[in-house]
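Enquirer: This is what each chain is made of:
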Amino acid sequence: MVIEFGHYALVLAFALTLVQSVLPIWGALIKDERLMAVAPPVSVTLFVLVLLSFVALTGAYLNSDFSVLNVLENSHSAKPLLYKFTGVWGNHEGSMLLWVLILVFFGALVGAFGRNLPADLRAVTLSVQGWVSAGFILFLLATSNPFTRVANPPLEGADLNPILQDIGLAIHPPLLYVGYVGFSITFSFAVAALILGRTDAAWARWVRPWTLLAWGFLTLGIAMGSYWAYYELGWGGWWFWDPVENASFMPWLAGTALLHSAIVMEKREALKVWTVLLAIFTFSLSLLGTFLVRSGVLTSVHAFATDPARGVFILGLLCFFIGGSLTLYAWRASTLKQGGLFAPISREGGLVLNNLFLTAACAAVFVGTLYPLVLDAVTGEKISVGAPFFNLTFGPLMVPLLLALPFGPVLSWKRGDLAAACQRLYAAFGLALVLALVAFWAWGMEMVLAPLGVGLAVWVMAGSVSEIVTRVKFFEIGPKRGFARLVGLPGSAWGTAFAHFGIGVTVLGIVTASAFQEEHVRTMRPGDTVDLSGYEITFDGAAPRRGPNYTEEVGHFTIRQGGAMVTELDPSKRIYTARQMPTTEAAIHTVGFSQLYLSLGESRGDGAVDVRVYFKPFITLIWIGCVIMAFGAACSMADRRLRVGAPKPARKRPSAPVAAE
Amino acid sequence: MTRKQRRLMFIGSAGAVLAVALGLILFALNDQIVFFQSPSDIVTQSVPPGQRIRLGGLVEEGSVIRSDNAEVSFRVTDLENTVAVTYKGILPDLFREGQGVVTEGVINPSGVFVADSVLAKHDENYVPKEVADALKDQGHWQGGESAAN
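Line order of the protein sequences matches chains C and W. Heads up: the first sequence begins at 1 in my numbering, then just goes up one per residue. Heads up: the second sequence begins at 662 in my numbering, then just goes up one per residue.
Keep in mind that the hints were calculated from the coordinates and are not lab data. Just so it is clear, the structure is predicted and the values come from calculations on it, not from any experiment. Worth double-checking, as some hints may not be accurate.
[Claimed, not checked] Here are the in silico distance ranges between beta carbons for each label pair: (1) W:L669 / C:L141: 32 to 40 Å; (2) W:Q706 / C:A170: 46 to 54 Å; (3) C:A37 / W:A677: 48 to 56 Å; (4) C:L51 / W:Q706: 52 to 60 Å; (5) W:Q706 / C:A387: 20 to 28 Å; (6) C:S67 / W:N769: 54 to 62 Å.
[Stated by the list, open to error] The calculated lysine to aspartate or glutamate pairs, modelled on EDC-like cross-linking and capped at a C-alpha distance of 20 Å, are: (7) W:K797 / C:E381; (8) W:K749 / C:D531; (9) W:K797 / W:D702.
Note that the Cβ used here is the ideal one computed from N, Cα and C, for glycine as well.
Work out the full structure: start from the sequences and follow the hints.
Expert: And the structure:
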């Protein structure tokens with residue numbers, strides 16, 4: 001009964017999206033206030049309905065209601081409660097329902113808190129959001145209905161893919177979806193701007209926080225996905241340039257560019273046309289990611305069970321939204337007014353440079369990801385484009401970007417002074433140079449790239465610190481007043497500093513973990529010891545153990561350093577009973593920022609087992625840097641001056657343009 | 662500078678960056694991509710030793726020999742031809758005899774494929790798409806249509 005109720009709520013939600021798609025925008029075009037006023041309550045109701053249907057599905061999972069096909073195929077009564085809950089989105093239908101839930105949630109936020117937006121902008125934005133919602137709810141109902149019942153329910157379900165039975169499933173998809181879907185709001189705003197033919201101060205003010213929100217969550221989602229793959233798959237890799245990873249990385253790159261160009265637009269009213277295009281691109285790449293991952297074009301743990309009809313449907317949605325918005329752009333972009341002028345050496349110029357390199361890098365990733373698919377479809381020839389391609393294309397494009405990065409925030413708007421900027425950065429440059437030279441001296445001639453990488457990372461980190469320090473003139477005015485001024489700095493300044501510092505931290509982690517990782521693969525018998533990076537790793541033996549829904553063979557290892565015990569590690573090989581599927585559970589010991597990583601391979605009989613041991617220096621910096629970046633986004637969002645509810649700028653239009661006309 | 666000059670300059674620098682990016686992409690596509698080959702392709706087309714390729718097929722029944730130091734050798738077959746493969750490292754969880762596998766590496770001068778990575782992904786029913794297509798080409802595909810996805 002509850003399931004039918006949830007299904008009904010979803011159908012009703014679809015009907016409401018049709019209302020939302022048509023009435024408000026019609027109202028905006030014929031300037032009828034009553035029609036425009038339909039949008040906010042409808043968007044909130046829509047959210048409530050989808051939430052009800054999500055709750056209904058969650059209930060079915062928690063109660064192990066195997067009369068629901070989706071639960072039957074993806075759950076098991078012996079599964080721990082947490083995984084029953086997270087299993088709701090550990091499958092195609094449920095994860096799309098979560099996608100839609102977040103989509104309508106954001107629509108409801110605009111509806112509920114958009115009072116200070118011009119009425120027509122809000123109405124059109126919500127209508128566009130309605131089109132997206134309608135498309136995806138229809139996709140759910142037509143091809144991926146999570147509420148399908150089975151006639152004769154069996155007693156037991158097929159269980160969730162064991163790789164997904166992990167805390168990571170509770171965190172990674174929701175974070176990633178908030179990021180992906182958050183960009184739908186900027187997309188809707190961009191399309192609304194094109195339809196209405198104007199972008200005003202209110203537009204930029206709304207777009208910036210949404211971009212920040214989506215970008216921050218996407219950063220966390222990608223980092224979490226990377227860490228999850230790192231510890232769960234047992235290969236010890238944190239990024240594979242796998243198409244599924246690239247699918248989330250492309251919106252991130254485009255979103256990063258959008259974040260920066262939106263600043264120019266907000267502060268200087270320049271780059272309007274470009275920002276609108278980037279907003280369209282970013283969400284298009286999110287849609288493309290959804291298509292690649294969900295349609296079964298790629299085989300991966302993300303693909304779940306696939307069905308050709310779904311792929312075609314998503315491809316249709318993709319073509320409609322991307323093609324439609326780009327056509328609209330081509331037709332209407334010229335109506336947007338040009339903004340302020342600026343010299344090439346200026347804050348704006350720096351941000352343009354950032355956009356250039358980010359979009360070029362995004363294009364490189366795009367080609368590397370899609371070329372094999374297109375080639376296969378057209379000629380049937382099968383190739384794989386892996387890490388070497390991306391290292392050769394993406395890497396060189398990132399280097400100038402990182403070199404230029406510290407200059408951006410210290411240049412002034414409109415016309416900058418390069419000499420003054422250098423003066424504010426010479427300490428950072430000196431530090432980077434010294435550390436690179438020290439690294440060079442310490443590691444010798446074989447490693448040429450690693451010291452340069454370290455220098456680059458330090459340059460970015462020190463650059464963002466020195467920007468803050470020189471901005472408040474910390475050393476000139478003394479620490480006491482300096483601290484007072486640091487506290488008084490606007491959130492957006494801190495946001496920039498933290499986000500840029502985080503980039504440096506991540507780069508440092510990438511450089512050290514790739515250049516100085518040590519690895520051993522050995523067949524070990526009980527009593528054997530391997531030496532790795534100053535650790536002695538002794539295999540004590542393996543023993544079977546039973547978990548709630550799996551059995552496992554646990555290897556016991558003692559880690560010593562100079563004879564003194566450091567820790568004990570227990571990596572294991574699990575067999576999940578319901579699917580008879582093996583998984584590898586790595587054991588990780590964190591020392592400072594570095595990690596010792598053990599995973600088990602095949603058991604050889606006679607107690608011998610294959611063991612893979614890694615030492616990964618400073619690898620956790622990769623993910624810590626991402627968290628710092630997301631924190632920067634949060635700082636920037638908390639900036640009082642930029643808060644949406646902040647006092648209106650004097651130049652803003654009256655909030656009800658209809659009345660004015 | 663006039664507005665027009667500035668615009669020209671931006672377009673020029675954008676063009677320069679894009680040209681560099683395009684150059685890198687084309688160069689890398691020429692050099693860094695890895696072609697997928699079935700055992701029959703390798704036997705009939707003589708791939709030069711040292712060229713990186715992806716070899717896919719089924720792990721031949723009874724061919725897996727494990728030796729010490731985590732070394733393993735096996736044969737990959739498309740039911741027409743077979744290629745001997747050696748690999749040092751941990752095999753993926755779902756590596757089984759008779760199951761689909763994709764390996765990446767180079768052929769050494771004695772004709773043995775030295776793999777540096779072995780993929781058998783994520784799902785017990787999964788046959789890599791390339792392998793399924795290669796088997797279909799050889800007329801040996803027995804799975805359902807859906808298993809290829």
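Enquirer: If a hint holds in the structure, say so; if it doesn't, say that too.
Expert: A quick look at each hint next to the structure:
Checking the proposed 32 to 40 Å range against W:L669 and C:L141 shows it is violated: the Cβ atoms sit about 52 Å from each other. For the pair W:Q706 and C:A170, the supplied restraint of 46 to 54 Å holds, since their beta-carbon distance comes to about 49 Å. Take C:A37 and W:A677: their Cβ atoms lie about 50 Å apart, and the range 48 to 56 Å holds. Here the CB-CB span from C:L51 to W:Q706 is close to 58 Å, well matched to the stated 52 to 60 Å.
Between W:Q706 and C:A387 the beta carbons are some 26 Å apart, a value that agrees with the proposed interval 20 to 28 Å. Restraint check, C:S67 to W:N769: a C-beta distance of roughly 57 Å satisfies the suggested window 54 to 62 Å. Under the criterion of a C-alpha separation no larger than 20 Å, the hint pairing W:K797 with C:E381 is consistent with the structure, at around 14 Å. Distance hint between W:K749 and C:D531 is fulfilled; the C-alpha atoms sit about 19 Å from each other, no more than 20 Å.
Of the pairs offered as hints, the one joining W:K797 and W:D702 holds, with about 14 Å between alpha carbons and a cut-off of 20 Å not exceeded.
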